[in-house]
Amino acid sequence: MIFTLILTALYNAALTVFVYIADKKTPFGKISYKSKQWIIGILFGIMAAFASMRTAGVDIGDGTIMNVRDAAPICAGLIFGAPAGIIAGVIGGLYRYISAFFGITGTYTQVACSVSTALAGFIAAGLRKFMFDDKKPGWVYGLGIGMLCEVIHMLMIFFTNANDPSTAFNFVKICSLPMMLCNGFSVGAAVFIISLLSKGRSGVAAGGKHISKTFQMWLFVCIVIAYALTSTYTYILQSKMSNTETESVIRTSIDDVNQDILDMSDENLLDKTNRIRSEYLKSDDKSEAFLQSLAIGYKVAEIHIVGTDGIIKNSNKSEYIGFDMASGEQSREFLQLLDGGNESFVQKYRPQAYNSDNSRKYGGVTLPEGGFLQVGYDADEFRADIADTVGKIARNRHIGETGFIVICDDEWNIVSEGTEYTGQNLSNLGIWIDTGSNPEKTIFDIELRGTPYFCEYEFVEGYYIVGAIPKTESLFMRDVSVYLSSFMEILIFAALFVLVYFLIKRLIIDNLMRINRALSKITNGNLDVTVDVRANEEFASLSDDINSTVSTLKRYISEAEARIDAELEFAKQIQYSALPSVFPPYPNRREFDIYARMDTAKEVGGDFYDFYMLDNTTIAFLIADVSGKGIPAAMFMMKAKTVIKDLAESGLAVDEIFTRANAKLCENNDAGMFVTAWMAIVDLKTGMMSVANAGHNPPVIKHAGGRFEYVKQRAGFVLAGMEGLKYRRTDIQLSPGDRIYLYTDGVTETTDTHNQLYGEDRLVNLLNSIDDKDDKSLCDAVKDDIDRFADGAAQFDDITMVSFSLNFVKGDDKITFIPGHDAGTAVSDFAAQLTSKLDVLPKVSSKVSIAIDEIASNIINYSHARIAEISYSIENGRLNLVFTDDGNPYNPSDTEEPDITLSAEERQIGGLGIFIVKKMTESMDYKYENNKNILKLTMALSS
Amino acid sequence: MTIKQTNENGNVTLALSGRLDTVTAPELETALERALDDAKELCFDFKELEYISSAGLRVLLKAQKIMNTKGKMKVTGANETIMEVFDITGFVDILTIE
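Each protein sequence line maps, in turn, to chains A and B.
Sequential numbering of the first sequence, starting at 15, is according to our numbering.
Sequential numbering of the second sequence, starting at 10, is according to our numbering.
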């Protein structure tokens with residue numbers, strides 16, 4: 015039964031889900047769209063054919079099968095594509111049409127079914143294409159479309175069987191609800207399951223979420239209300255009309271029977287009266303006794319001879335003689351026989367005026383001599399006369415198609431023949447008619463064998479004529495009208511729904527979407543996008559407004575940008591001016607060189623460097639990078655720089671400087687800024703460098719004669735990052751020729767156009783390849799290499815570097831220097847410093863100076879030493895000068911003495927210096943130890 | 010070291026003060042190149058000079074060689090130390106010392 019239909023509906027849903035999964039998960043999904051549509055179309059066409067079969071549906075009589083065929087093409091069209099839907103529909107329709115010829119399917123709805131199946135395919139295809147943008151609809155739509163197609167199906171049954179509406183209606187009445195529900199269920203379930211499977215994936219057409227949904231909802235509500243109103247109105251109107259119709263049908267039938275009975279009864283009485291008249295005329299005896307004998311013979315109650323004056327002249331009952339017919343209401347009617355018009359008159363059966371228990375019927379016939387003969391006939395008698403014929407009157411009579419009409423006696427016993435109920439009392443049939451509450455000639459409800467009937471009766475000549483018609487028949491036209499108009503309304507409203515949806519989509523949603531797309535590009539920062547929706551005036555004006563707003567915005571932004579750029583440029587200049595920027599910064603200090611450069615990115619950055627002499631022999635230098643960019647970073651940088659410098663100048667050690675700077679920078683640091691820093695303090699007298707690192711890139715250091723290498727000292731936490739931190743100090747012994755290169759991450763994190771980082775390895779290799787240059791050239795070379803590397807890629811961060819190199823270390827009693835590197839001056843200064851300390855005659859100090867100058871210049875010019883040292887000590891009034899160098903072994907004592915007697919033209923200058931020194935010193939002591947020349951001079955300090 | 014140069018009709022006087030050593034000798038050499046061009050008589054005034062080292066001697070020798078070809082050269086005001094250097098190196102025989 016209905017379960018068969020539900021099962022078939024489920025088969026169809028299952029097939030849909032199966033094909034969907036196959037499309038998504040198996041190689042089937044890879045084949046071309048065209049062949050896929052064909053395959054799916056044919057598959058669902060077969061499904062439609064299967065659903066048409068007797069086994070898949072419910073036989074509702076005459077070989078017509080209720081089924082769920084239409085769901086297949088709908089699923090194909092809605093879910094898999096318009097062509098598939100059309101193919102499936104056509105296949106299903108053709109099968110249905112052809113199979114009817116072979117008796118496989120019913121012929122009654124052959125055309126309707128096949129056409130509506132094909133139509134279902136087309137409708138699904140059309141809706142997918144034009145309403146759902148070629149996407150799957152939501153399950154509610156699936157349900158609705160499934161039901162809608164069945165509405166069309168039902169209408170097709172009506173239209174194709176217009177000449178037999180009753181049968182068509184019977185089919186529709188049985189089929190419509192189950193088929194609508196099952197088809198709707200099948201499609202809705204299929205779409206629902208698929209939407210569950212594809213959750214998270216796009217492709218379910220929501221038709222634009224917001225406006226269209228609201229419109230659809232209200233449209234739907236309005237349509238439902240309009241549908242309910244018109245349907246109710248049709249129902250009420252049609253009910254009224256069919257009531258009137260029913261009434262008149264029953265009325266007419268009863269009237270007919272009524273008239274027949276009357277006619278028969280009248281005829282019977284007239285016949286009797288005529289016979290009595292002829293006996294009366296034939297007889298010569300006109301006595302009362304004769305009339306009495308006649309009355310007995312003819313079983314009548316009264317026989318009166320009425321004169322032309324309307325007075326009873328003679329009667330079988332003497333008490334009537336002399337009665338004036340004009341005096342009684344009933345008798346007066348007979349006076350019409352006196353005016354020569356009618357020759358006979360029969361009065362209706364009625365209770366007697368003076369005895370209402372007895373009903374009597376009167377007939378009258380004119381007499382030749384004038385006047386008339388009247389006969390009164392008692393009910394009992396005449397009923398017996400007509401009983402036979404009355405029984406026949408209702409035979410073969412019925413009301414409408416299936417209604418009935420029966421005649422009952424006054425006890426409600428059925429007297430009419432031709433029914434199985436003849437002789438039975440109505441109450442035996444379950445019908446009780448209470449003449450009090452259901453007066454005659456009014457319609458009331460009865461129930462016969464469980465079927466409701468409209469019923470009416472009339473009492474005539476002692477008989478009840480009862481007519482009844484089943485309500486179903488009576489209301490048939492109403493029901494047909496209601497069904498038809500409902501279906502038509504659903505169809506029209508669905509079309510209206512689609513149309514309004516379509517118009518809203520075309521006129522509003524699509525345009526809004528276009529505007530939204532443009533707007534989202536604009537809000538993403540592309541202010542060059544213009545909105546150009548000119549579908550109608552409203553959107554055109556909206557577009558213009560948006561465009562003018564955007565262009566105004568664009569102007570403001572560019573103005574603001576220009577202002578900010580100018581301010582940033584100022585900030586950059588202030589930042590620059592805060593950093594030492596004159597190089598060389600200490601032209602008189604030959605012990606070291608320092609160079610620094612900062613190349614800021616477009617924005618103001620937080621990098622900085624600094625250096626300052628803490629006292630005559632101590633230099634501090636640092637490099638730092640403040641987190642973030644822009645004005646805040648620049649301001650924080652100024653603060654950090656000042657704090658560190660203040661602390662450094664108060665003579666603290668480098669670790670203590672950082673510890674205290676951290677504490678100060680942590681105060682009121684609500685912005686959460688921090689700074690990485692690396693700082694060194696170098697004692698120029700000893701070459702000892704003490705270093706602290708607060709989370710900064712490690713420095714690259716090259717020791718004299720070596721290569722640049724990272725000094726991976728353990729770094730402390732960034733400054734201003736956390737309160738109460740202590741920083742560590744690392745001491746590094748520097749020698750003349752050592753170089754320290756500091757940088758910020760802007761160097762190593764420079765990216766090229768392929769987003770590759772410059773990197774530490776590349777930096778170190780470059781530094782080593784450009785070794786011999788001075789600090790400025792070194793920094794500039796690095797910057798040039800970075801620029802080459804970036805190859806035009808934008809600079810995102812400040813690039814800052816500091817290069818420090820130590821040339822010589824001049825202590826109180828010792829100088830360490832690199833021969834050839836401005837060393838002469840350094841040595842000369844050292845000699846001056848030494849002699850000024852000795853409290854001796856100028857003659858002696860000059861000799862010391864000469865000795866230092868001669869030996870040192872020898873080392874500087876000829877030894878090829880990498881490093882040399884001069885130290886002195888005073889012992890027993892004698893000055894000991896020790897010269898140490900790692901150059902070629904050279905013993906000055908072995909030098910051949912120059913010939914000092916030659917003329918100016920012949921003199922060679924070589925060897926003269928050593929000769930002078932020899933002559934001026936008390937002793938000259940040379941040894942070569944550990945690859946070093948060690949020359950010790952002893953000079954007397956007193957002359 | 011500072012060099013004060015005067016020129017009176019080809020009588021060029023270079024008055025040196027400070028030290029004439031490896032560091033300062035190149036300065037004197039440069040000064041001489043200009044001074045020797047039109048000098049007929051060259052005089053080194055060593056009154057203010059503290060000492061001289063072999064680098065200074067080399068410049069003096071060079072100057073002497075040039076002046077031998079075009080005129081006279083003399084050294085005046087040398088102190089004890091300078092004279093000692095001149096003695097040790099035999100420059101007393103080469104130079105004209107007043």
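Please keep in mind that the hints were generated in silico from the structure rather than gathered at the bench.
Treat the hints with caution; some may be incorrect.
[Claimed, not checked] Lysine-lysine pairs mimicking DSS-like chemistry, simulated, CA-CA at most 27 angstroms apart:
#1 K932/A <-> K56/B
#2 K933/A <-> K56/B
#3 K49/B <-> K857/A
#4 K857/A <-> K79/B
#5 K790/A <-> K851/A
Right, here's what the structure says about each hint:
1. K932/A <-> K56/B: 26 angstroms, holds
2. K933/A <-> K56/B: Measuring from Cα to Cα gives roughly 24 angstroms; hence the hint holds.
3. K49/B <-> K857/A: 33 angstroms, violated
4. K857/A <-> K79/B: Given pair K857/A, K79/B is violated - Cα atoms ~35 angstroms apart, limit 27 angstroms.
5. K790/A <-> K851/A: Violated, at about 36 angstroms.
In this structure, the hints that do not hold are numbers 3, 4, 5, in rising order.
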